[in-house]
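Peer 1: Residue numbers (my numbering): 1 to 926.
Keep in mind that the hints were calculated from the coordinates and are not lab data.
Predicted model only: the values in this text are computed from it and were never measured.
Worth double-checking, as some hints may not be accurate.
[Unchecked claim] The list that follows gives simulated cross-link-like pairs (lysine-lysine, DSS-like), each with its CA atoms no further than 30 Å apart:
hint	residue 1	residue 2
1	K556	K472
2	K131	K456
3	K456	K498
4	K368	K338
5	K898	K686
6	K415	K807
7	K700	K417
8	K240	K415
9	K120	K109
10	K240	K338
11	K877	K898
12	K675	K878
13	K417	K131
14	K415	K137
15	K440	K368
16	K109	K556
17	K126	K556
18	K898	K771
19	K109	K700
20	K700	K614
21	K137	K498
22	K413	K357
23	K440	K807
24	K498	K415
25	K206	K357
26	K137	K339
27	K440	K472
28	K686	K771
29	K204	K456
30	K120	K227
31	K131	K206
[Claimed, not checked] Have a look at the derived ranges for each label pair, beta carbon to beta carbon:
hint	residue 1	residue 2	range
32	K878	E117	51 to 61 Å
33	E128	G724	56 to 66 Å
34	Y113	G724	45 to 55 Å
35	E735	K675	13 to 23 Å
36	G822	A337	47 to 57 Å
37	P329	D244	22 to 32 Å
38	R925	Q888	24 to 34 Å
39	L823	K675	24 to 34 Å
40	D124	T180	37 to 47 Å
Ideal Cβ placement from N, Cα and C applies to all residues, glycine included.
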Amino acid sequence: MLVTCSTLNTFSASISVSSTRFCQCQSLYPNNFFLQNKPHTTLNFSHKVRIIKCTASANQKEQQQQDLNNNGSKKKKKKKKGDDETEKDEEKKGINPVGFLTRLGISHKQLAYFLRERYKSLKDLKDELFKRNLMLKDIAYGFELMGLHRHPEHRMDFMEWAPGARYCSLIGDFNGWSPTENSAREGHFGHDDYGYWFIILEDKLKDGVQPEQLYFQQYNYVDDYDKGDSGDASIEEIFKKANDDYWEPGEDTFVNRRFEVPAKLYEQLFGPNGPQTQEELEEIPFPDAETRYNEWKQPHKNDPPSNLPPCTVIDEGKEYDIYNIKSDPVWLEKIRAKKPPLPYWFETRKGRQAWLKKYTPAIPHGSKYRVYFNTPSGPLERVPAWATYVQPDTNGNEAFAIHWEPPPEHAYKWKNKHPKVPKSLRIYECHVGISGSEPKISSFTDFTEKVLPHVKGAGYNAIQLIGIVEHKDYFTVGYRVTNLYAVSSRYGTPDDFKRLVDEAHGLGLLVFLDIVHSYSAADEMVGLSLFDGSNDCYFHTGKRGHHKYWGTRMFKYGDQEVLQYLLSNLNWWVEEYHIDGFQFHSLSSMMYTHNGFASFTGNLEDYCNQHVDKDAFLYLILANELLHTLHPDIITIAEDATFYPGLCEPTSQGGLGFDYYVNLSAPEMWTSFLKNIPDHEWSMSKIVSALMGNRQYADKMLIYAENHNQCISGGQSFAEILFGEINEHTPGSTESLLRGCSLHKMIRMITFTIGGRAYLNFMGNEFGHPKRVEFPMPSNNFSYSLAHRSWYLLSNEVHHNLFSFDKDLMNLDENNRLLSRGLPHIHHVNDTTMVISYIRGPLLFVFNFHPTEAYERYSVGVEEAGEYQIILNTDEKKYGGQGLVDAQQHLQRTISRKADGLQNCLELPLPSRTAQVYKLTRILRI
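Based on the provided sequences and hints, a complete structural model is requested.
Peer 2: Spelled out as structure tokens, the structure:
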């Protein structure tokens with residue numbers, strides 16, 4: 001049975017008719033709790049009416065229908081849409097689960113079937129998410145309720161998800177670490193069926209101060225004074241004004257009696273001794289509730305509207321739940337036309353000064369705390385999963401969450417807006433901890449003041465930060481994350497990091513974060529492993545819950561709580577710290593149950609077989625959809641060693657929705673060439689093939705010659721491989737140094753210019769940092785000798801020359817919009833002469849990788865006849881070259897002869913191991 005507003009009255013009342021099911025408390029799931037946590041009111045504002053089932057009449061109608069069917073009566077059923085019809089509807093909306101396969105001309109039944117099934121699973125998942133979220137994007141705002149938050153009503157609220165726990169409390173400095181002082185209440189107000197725990201910590205009333213007169217008294221913790229401080233109107237006057245402004249005369253007749261009306265109506269329908277339980281309600285014989293109501297209303301049909309109840313009983317024999325709503329259209333239109341009621345809680349809200357005079361914070365700023373669980377296996381203490389600031393103790397064995405709530409005068413205030421996203425990205429990859437010159441952990445402040453100006457001066461337009469998210473072990477470079485919502489305290493405070501991002505934005509630099517959602521640290525007390533004592537809280541159980549080689553834990557992406565935790569985490573970094581984009585680390589670890597370590601045959605079956613984790617793909621699709629919906633200018637980068645098809649395709653076309661993918665083949669190729677292959681055996685064809693990657697997605701490619709992976713423990717930077725520590729007085733060192741510097745410049749130049757709209761360089765490699773990176777660990781006696789950058793080398797002639805070249809290389813893109821020009825036209829690749837030439841935008845690039853052979857007049861084709869000027873030459877003396885191309889040869893004129901399939905050609909001087917960039921300066925009309 002449902003109760004709805006009567007058309008005789010244009011106002012509503014929340015009415016439920018004897019349903020024990022209706023009286024059950026709602027979930028503490030954040031988005032449900034958000035509705036419950038609105039300020040309570042004695043005002044008579046309208047509420048939509050909940051539909052509920054009258055079980056007795058429903059059962060009777062079901063019996064009637066069954067009898068009719070048994071007698072041969074046939075009831076028409078609504079025809080459901082078939083799969084073909086559904087697909088046509090989706091195509092009209094621009095949705096095609098196999099769209100990118102069609103566009104690329106790929107015909108593969110197994111992959112197409114997998115993509116269609118994945119899309120169906122995505123739709124089902126969204127339907128499930130909608131059942132517990134008002135809007136799909138709400139799942140990305142879990143941080144607004146989870147964890148520890150200040151509530152306007154002079155208190156702190158704490159919420160945690162721990163389905164395996166039996167008891168939950170908050171312990172810390174503020175309560176002497178007592179597990180019983182601040183605990184979750186019994187029943188649904190403290191713990192729900194989904195495993196959410198809710199704890200209220202009231203601010204402490206100061207001695208001699210009177211309690212609040214209003215139980216809903218709110219405070220503004222930012223401004224010193226607010227409307228409620230004036231005392232111009234009493235709460236009774238505010239309530240009266242709110243009602244008078246909202247309701248027309250006579251509209252609130254029954255609203256003022258909203259509890260009396262349903263009680264009397266129920267008594268009229270079922271008598272003074274009517275059923276009080278679900279079982280008694282089911283035993284009611286015919287007529288049903290709707291018939292009873294209509295019979296009761298018949299004698300009063302000529303009564304004035306004010307004498308009739310503002311509701312109608314309808315029994316459709318259906319089972320309704322508390323989320324279904326039935327609204328009278330006349331009432332609905334009138335309510336929509338009304339202006340919003342006066343927000344009385346704003347009118348009575350007081351400022352920060354009034355709060356400080358009356359209360360002491362329940363948890364002071366800077367307090368240490370943990371969450372305490374009682375579980376079937378015993379008591380546990382954990383750093384809360386949503387903690388935003390975590391610090392280890394003095395000996396480093398334990399960690400605590402830190403309540404970070406600085407007073408308004410000390411809290412960081414943002415100064416700069418997000419920079420406009422450029423059409424091409426020149427990314428400077430950084431690790432804050434090793435960014436200093438001294439052998440110690442550097443800070444956010446040091447990085448902001450010393451490194452950011454260098455990055456800007458070097459010509460880069462974005463930074464990518466690794467190791468920012470809190471991690472217990474420094475030697476893991478930040479990839480075994482323990483606390484996804486916290487910046488690493490070893491570098492500074494949350495406000496220090498905000499200043500870093502803000503100053504970067506002020507310099508026009510985008511800030512990207514290397515985010516690790518593909519696995520998590522296996523730590524327990526400070527991490528998420530066995531968080532609530534169970535093995536399946538955030539992670540898979542058994543072998544699947546552990547990375548096969550790294551010992552890390554694998555997320556259970558099919559769980560809604562895990563989805564909320566990870567999706568909210570992405571949004572948290574954007575909302576709280578103004579991050580401009582993410583590189584998703586090691587996607588192959590999460591996309592496959594073998595963690596990407598199986599041998600790939602190159603067949604498309606590898607991407608749709610039994611080893612694929614469909615839930616992980618659904619998470620990545622949701623992540624990209626939500627991020628790009630909430631923050632349209634966000635940049636997402638996929639690091640995937642398996643080159644999964646469709647990484648950068650739109651999600652509506654069967655892709656995962658990333659903006660860029662990382663070409664991991666290029667650094668592997670360069671490392672192999674430098675270490676294993678003599679210079680004269682280098683293959684130009686292999687170089688071009690590796691650098692271009694998948695040509696169909698070359699414009700979505702992020703490429704680099706080397707990043708931190710090549711420099712970290714066990715590896716070597718290219719500079720270390722090529723020339724190591726520079727000692728010009730060692731016999732033969734001059735020739736070795738010349739070779740090393742020449743190849744260093746050529747490798748970076750061809751990698752930067754041949755493909756992709758995004759390029760990345762690791763901190764220090766732009767000037768040929770000669771040493772690898774090795775973090776302090778037991779094997780090196782926790783030494784910091786290799787865990788810093790030698791910035792002083794910039795004053796060394798060789799390193800200064802390399803830096804000057806890299807800076808001019810970055811300016812080449814800035815001045816000519818090179819990377820955003822589309823794919824290059826590669827017209828000359830000769831393995832015998834070891835020469836590569838291509839045209840990109842207005843520029844011609846020519847490389848001679850031959851170690852000994854120089855060419856005085858080497859022919860390369862160009863389309864446009866004219867004069868071409870050298871604008872960048874790796875062999876210039878200012879870059880540490882020999883200057884073998886003199887000034888008279890810097891301007892070259894075309895010859896009217898076809899070459900490389902083009903109409904004209906240039907005959908260029910090409911010294912060995914050099915590269916040149918030409919720009920058309922004058923067009924000749926022949």
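Peer 1: Work down the list of hints and note, for each, if the structure agrees.
Peer 2: Hint check results:
1. K556 x K472: Since the Cα atoms of K556 and K472 sit roughly 22 Å apart, the hinted pair holds (cutoff 30 Å).
2. K131 x K456: 48 Å, violated
3. K456 x K498: 18 Å, holds
4. K368 x K338: 48 Å, violated
5. K898 x K686: 26 Å, holds
6. K415 x K807: 28 Å, holds
7. K700 x K417: This hinted pair holds, its Cα atoms lying about 26 Å apart.
8. K240 x K415: 43 Å, violated
9. K120 x K109: 17 Å, holds
10. K240 x K338: Roughly 17 Å between the alpha carbons, so the hint for K240 and K338 holds.
11. K877 x K898: With Cα atoms ~33 Å apart, K877 and K898 exceed 30 Å; violated.
12. K675 x K878: OK: K675 and K878 at ~28 Å, within 30 Å.
13. K417 x K131: 36 Å, violated
14. K415 x K137: Status holds; Cα separation ~28 Å.
15. K440 x K368: 26 Å, holds
16. K109 x K556: 29 Å, holds
17. K126 x K556: Satisfied, since the Cα-Cα distance of roughly 17 Å is no more than 30 Å.
18. K898 x K771: Roughly 47 Å separates the two Cα atoms, so the pair is violated.
19. K109 x K700: Distance of about 26 Å is within 30 Å: holds.
20. K700 x K614: 24 Å, holds
21. K137 x K498: Holds: K137 and K498 sit about 25 Å apart, inside 30 Å.
22. K413 x K357: Holds - the C-alpha atoms of K357 and K413 are around 25 Å apart, at most 30 Å.
23. K440 x K807: 28 Å, holds
24. K498 x K415: Distance ~10 Å between K498 and K415 Cα, so the pair holds.
25. K206 x K357: 8 Å, holds
26. K137 x K339: 27 Å, holds
27. K440 x K472: 17 Å, holds
28. K686 x K771: Roughly 28 Å between the alpha carbons, so the hint for K686 and K771 holds.
29. K204 x K456: The given pair, whose Cα atoms are some 49 Å apart, is violated under the 30 Å limit.
30. K120 x K227: Status violated; Cα separation ~52 Å.
31. K131 x K206: 44 Å, violated
32. K878 x E117: 51 to 61 Å: Check passed, 59 Å falls within 51 to 61 Å.
33. E128 x G724: 56 to 66 Å: 57 Å, holds
34. Y113 x G724: 45 to 55 Å: Once the Cβ atoms are compared, 54 Å apart, the range 45 to 55 Å for G724 and Y113 holds.
35. E735 x K675: 13 to 23 Å: 19 Å, holds
36. G822 x A337: 47 to 57 Å: 54 Å, holds
37. P329 x D244: 22 to 32 Å: Check passed, 26 Å falls within 22 to 32 Å.
38. R925 x Q888: 24 to 34 Å: 25 Å, holds
39. L823 x K675: 24 to 34 Å: Holds, since L823 and K675 (Cβ atoms, about 30 Å apart) stay within the stated range.
40. D124 x T180: 37 to 47 Å: 43 Å, holds
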